[in-house]
Amino acid sequence: MMAFLKLLARNRLALAGLIVIWIVVFLALITPLLPLADPDVTDTPNRFKAPFSEGAVLGTDHLGRDLLSRLMWGTRLSLAMGVAAAIIAATLGSAIGIIAGYFGGRTDNIIMRGVDMLMAFPYILLALAIVAALGPGLMNALFAVAAVNVPFFARNIRGITVGVAHKEFVDAVRLAGMRDSEIILREVLPNVLPVIVIGMSTTVGWMILETAGLSFLGLGSQPPQADLGSMLGEARSALITNPHTSIVPGAMILIIVMGINLLGDGVRDALDPRLKSGALSRPMPATEVDRRETTRAQTDSLLDIAGLQTEFRVRNRVYKAVGGVDLHVEKGECLGIIGESGSGKSVTALSVMGLVASPPGVITGGAVHFDGDDIIGAKYEVLRSLRGRRVAYIFQDPLATLHPLYKIGDQLIEAIQTHETISKSAARSRAIDLLKSVRIPNAENRIDSYPHEMSGGMRQRVGIAMALANDPDVIIADEPTTALDVTVQAQILSVLNDLRRERGLAILFITHDFGVVGQLCDRVAVMYAGKIVEEGPTDAVLRNPQHPYTSRLIDCVPTLGGGQRKLAAIPGLPPVVDRLPDGCAFADRCDKVQMECRSGAIDLAATAPARKTRCLFPENTQEASA
Amino acid sequence: MTEALKLTDLSKSFPIGKRMFGPPRAMVHAVQPIHLSVTTGETLGIVGESGCGKSTLAKMLVGLLPSTTGQIEIEGAVLDNADPALFGKRIQYVFQDPISSLNPRKTIRQIMEVPLRKLHGKNKAERAARISEIFAAVNLREEFLDRYPHEFSGGQAQRIGIARALAAEARILIFDEPVSALDVSVQAQVLNLLADLKDQFGLTYLFISHDLAVVEAVSDRVAVLYFGSVVEIGSAREIFAHPRHPYTALLAQSAPEVGRPIAAPESAETELPDPLSPPVGCAFNERCPNATDLCRKDRPALKPDESGREFACFNPI
Chain A
1 MMAFLKLLAR NRLALAGLIV IWIVVFLALI TPLLPLADPD VTDTPNRFKA
51 PFSEGAVLGT DHLGRDLLSR LMWGTRLSLA MGVAAAIIAA TLGSAIGIIA
101 GYFGGRTDNI IMRGVDMLMA FPYILLALAI VAALGPGLMN ALFAVAAVNV
151 PFFARNIRGI TVGVAHKEFV DAVRLAGMRD SEIILREVLP NVLPVIVIGM
201 STTVGWMILE TAGLSFLGLG SQPPQADLGS MLGEARSALI TNPHTSIVPG
251 AMILIIVMGI NLLGDGVRDA LDPRLKSGAL SRPMPATEVD RRETTRAQTD
301 SLLDIAGLQT EFRVRNRVYK AVGGVDLHVE KGECLGIIGE SGSGKSVTAL
351 SVMGLVASPP GVITGGAVHF DGDDIIGAKY EVLRSLRGRR VAYIFQDPLA
401 TLHPLYKIGD QLIEAIQTHE TISKSAARSR AIDLLKSVRI PNAENRIDSY
451 PHEMSGGMRQ RVGIAMALAN DPDVIIADEP TTALDVTVQA QILSVLNDLR
501 RERGLAILFI THDFGVVGQL CDRVAVMYAG KIVEEGPTDA VLRNPQHPYT
551 SRLIDCVPTL GGGQRKLAAI PGLPPVVDRL PDGCAFADRC DKVQMECRSG
601 AIDLAATAPA RKTRCLFPEN TQEASA
Chain B
1 MTEALKLTDL SKSFPIGKRM FGPPRAMVHA VQPIHLSVTT GETLGIVGES
51 GCGKSTLAKM LVGLLPSTTG QIEIEGAVLD NADPALFGKR IQYVFQDPIS
101 SLNPRKTIRQ IMEVPLRKLH GKNKAERAAR ISEIFAAVNL REEFLDRYPH
151 EFSGGQAQRI GIARALAAEA RILIFDEPVS ALDVSVQAQV LNLLADLKDQ
201 FGLTYLFISH DLAVVEAVSD RVAVLYFGSV VEIGSAREIF AHPRHPYTAL
251 LAQSAPEVGR PIAAPESAET ELPDPLSPPV GCAFNERCPN ATDLCRKDRP
301 ALKPDESGRE FACFNPI
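Just so you know, the sequences run in chain order A and B.
Letter 62 of the first sequence, counting from 1, is numbered 62 in the working numbering, and no numbers are missing.
Letter 137 of the second sequence, counting from 1, is numbered 137 in the working numbering, and no numbers are missing.
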């Protein structure tokens, strides 16, 4: 609760709304205790007294009733009506929405068509019709406003419920013996409750306005009872001669509705899970750079990463996702980066072209030299001209990276035309060639397909074709085959391998799969907790791993042909990168750990030609030199 | 040897293009009629690529999906109306995504208590005792019980999912890709835990995965699924080393392996058959190097050879 208030208070306007509403509600609550004149006693001789006159701070109305008193009682009534209508509408609407969304199928169809019919009428007409049928009166106006707002909740909550009801935890409790009614109340409802609260907080103001509207028309509160709408309605005839009688209730409606809307927006933002991670703002076009000194390239390779450090700054925590990585890729070479989730392999790859989302990502040190120039901290125009044209990315999930509403051909043509002025027809024939080069059968027809019409393997080929669109020098592939089936994976790997040989592409291949690295990559770097722990030629590293982490990890992976057996496991979990231990990050899970391992930073030291290991007691050093 | 699970003629079809009145436009046969039996104490691995019907099969086995035809016999009792509450005591399911199978707004204790309360009607003290017993078995600390799912790593959450399945006291467990969302170092921990639990509680496993090496490491027998049918079934030790069905061979060749040069095992044109217009004859004939005219006309049935291996192929390897 405190955390929620803190989040809310970050939004100044919402805080102002909260304060205003708090004051209004407080005054409304204590109204009966205040020494006010009776709001309903008429005193015709003293009609239309101006504000700040003797005995009537806000003046009197056309029947000489005290306006301040009527305002306070009227506010009390209007607030109560609005809140009651919101609660009724939310309860009914959410119940309908949850039932429709949970059961789906025919139930859903019948209920939602009924709701659609309600929505087909203009809301005020519908409210008028309801009141006309039931007769004017406060309670009837309340029901009318609530009924009119039921569809809003029903539709919203149905959408959320459909998502929740298909989650695996619902299947799980069903298998644990729960019945539908209990699942709805105990499993689904808690998950849609935040949405209901958000819906209520943003509609209360609206409901107050609507009840006031009905009262204004004389269909809500009946004289002499005051509410803000009926006060306005009664003052209408004296709008020109005695404007204060209209201004007083009008200003109060303005204050209440403004306050509630500001507060409602704040509540919505505070309950939005995306805000909790500290990322409300749109990410910047390039990763923020905050480094003290520049680092020189260590090699004259095509792509040289030297001492790269990237961290995520979330509130007062700093997650050192990449803690000083040195890598280089030559033309025509394939470098594998292998590591488990959270090892920093993807962040390393995204840092190269400044694609790490900022905030919260910041590059705090090191350099990335591409073709001799440092591109960390380069101008956005420079990065933009390099992205896609000279350094291209392939991501894990092609369904997420391809736009679902455009044909793949149009997306390819756009990728080509971004970096090159070329006619549409020329770009189209280039796109067909590209699709052919990634071995998409029947490319001339396939170019007009939408992403959802293709299988996962075909989509990933389009992803590769798009990366190749501008003949890049480097391709950074982030787990490009992880989401694919093995037979398709084999096809994609062979496409990538052929392209590399034909075009002299440099590939940075990120994966967690030793088998894939072993087949495709010339060299491999193993990452753990943001650092490279071992690097060298693929065969040497996989055959004679020197770092204990590498060798334990290789032992963990079952290989085909081993038969039924117990697997070697690494005990424990990788360290969290905001609390890295001194010394070796793997020390707690290593069975050969010594005192020295924990005492200080360990360097990535050369152990054999072209091999480096970040370990004080490397394994397999004899075999490697032999 | 007793049969823990016996499937007779079990199939599932989904209607496509539902209309308000009248029959649907088409039916997709997600699972073709399957006969399968699993003996008590055995681990049966089920492998296949996405869309082969392995998850549909698993959901039918626990009653989450009603079957279109056929019957399911669990420990001798026929269960033919899909009611997860009836199935729950006999057969349980461990989900692929450990985090999304735990309700984010419930503590682990609340999650663990549901099967004990609903399936076995245990009182509070009995529940607490049973939960500590199970938590000890899956190497989880009891202090976790009052935390929420998002505080756990994938491996820990999967242990909690396994603990929940154990709480139902079913003797058959179905694992639907239980380790594919986990890192390899954690994957091995969970697989070893499964092996220990099986010995400790005398369980029968159905282990579904797309990872051949994992399936081989944990299973006694393996069934290969393609396009909704079992195309080959045999001992885990033999089936990938000496496949008889060309599809099993293709799978085994495609698994990436250190030191083997990259070669696409089949041409780029191949795609999975379209479920809306299934091929005539053997579903694999368009991808098969050994396909003959017979394969394009008739569908081969699953038949055993002299060694007891069963496969559905006219021209086995």
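FYI, nobody ran anything at the bench for these hints, they're computed from the structure.
Note that this is a predicted model, so its numbers are computed, not measured.
Among these hints, one or two may not hold up.
[As the list claims (entries may be wrong)] Below, simulated SDA-like cross-link-like pairs (lysine to any residue); rule was C-alpha separation at most 25 Å, straight line:
| id | chain 1 | residue 1 | chain 2 | residue 2 |
| --- | --- | --- | --- | --- |
| 1 | A | 167 | B | 202 |
| 2 | A | 566 | B | 110 |
| 3 | B | 106 | B | 75 |
| 4 | A | 167 | A | 143 |
| 5 | B | 89 | A | 64 |
| 6 | A | 566 | B | 145 |
| 7 | A | 167 | A | 482 |
| 8 | A | 167 | B | 293 |
| 9 | B | 106 | A | 165 |
| 10 | B | 198 | A | 143 |
| 11 | A | 167 | B | 315 |
| 12 | B | 118 | A | 252 |
| 13 | B | 89 | A | 180 |
| 14 | B | 89 | A | 569 |
| 15 | A | 566 | B | 242 |
| 16 | A | 566 | B | 107 |
| 17 | B | 118 | A | 103 |
[Said to hold, decoys possible] Label-pair distances were calculated between CB atoms; the ranges are:
| id | chain 1 | residue 1 | chain 2 | residue 2 | range |
| --- | --- | --- | --- | --- | --- |
| 18 | B | 192 | A | 341 | 55 to 65 Å |
| 19 | B | 109 | A | 159 | 58 to 68 Å |
| 20 | B | 110 | A | 594 | 37 to 47 Å |
| 21 | B | 110 | A | 501 | 33 to 43 Å |
| 22 | A | 601 | B | 143 | 54 to 64 Å |
Glycine included, every Cβ here is placed at the ideal spot set by N, Cα and C.
Hints violated by the structure (numbers, ascending): 1, 2, 3, 4, 5, 6, 8, 10, 11, 12, 14, 16, 18, 19, 21 and 22
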